[in-house]
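Once you know that position 26 of the sequence shown is 26 in the numbering used here, the rest is easy, because the numbers rise by one and skip nothing.
For the record, the hints were derived by calculation from the structure and aren't laboratory data.
Fair warning: there could be bad hints in the mix.
[Said to hold, decoys possible] Mimicking DSSO-like on lysine-lysine, the simulated pairs with C-alpha atoms at most 30 Å apart in a straight line are:
(1) LYS74 / LYS60
(2) LYS38 / LYS78
(3) LYS38 / LYS74
(4) LYS38 / LYS65
(5) LYS82 / LYS38
(6) LYS78 / LYS60
(7) LYS65 / LYS78
(8) LYS65 / LYS81
(9) LYS60 / LYS82
(10) LYS60 / LYS81
(11) LYS81 / LYS38
(12) LYS38 / LYS60
(13) LYS65 / LYS82
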Amino acid sequence: MKGCEIIQIGGTYGEPYVSFGEICIASKVNNINDNHGKLCFIEDINNNLYIGIMYVASEKNILLKRQDEIEIEKINIKECKKIRWIRKK
1 MKGCEIIQIG
11 GTYGEPYVSF
21 GEICIASKVN
31 NINDNHGKLC
41 FIEDINNNLY
51 IGIMYVASEK
61 NILLKRQDEI
71 EIEKINIKEC
81 KKIRWIRKK
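Using the sequences provided together with the hints, build the complete structure.
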């Protein structure tokens with residue numbers, strides 16, 4: 001997405017309030033309803049980073065929908081966090 005940046009919060013920031021360590025996308029996009037509250041940030045054990053909408057594919061795998069779809073084994077996930085949106089002014 002053009003005109004966006006992903007940031008990790010180092011203190012309190014923005015409206016709505018976000019906490020220390022949360023991951024956010026900051027953009028000037030007005031309509032974020034399609035992805036709001038659905039995007040996840042995933043880091044696997046090989047330090048690969050993924051961002052997309054996460055679904056449970058099976059007991060052992062998750063499905064991450066991006067422009068493509070990727071299936072990741074849960075055992076290989078090091079970190080998984082929900083991403084919040086912050087609108088730039």
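Which numbered hints are broken by the structure, listed smallest first?
none
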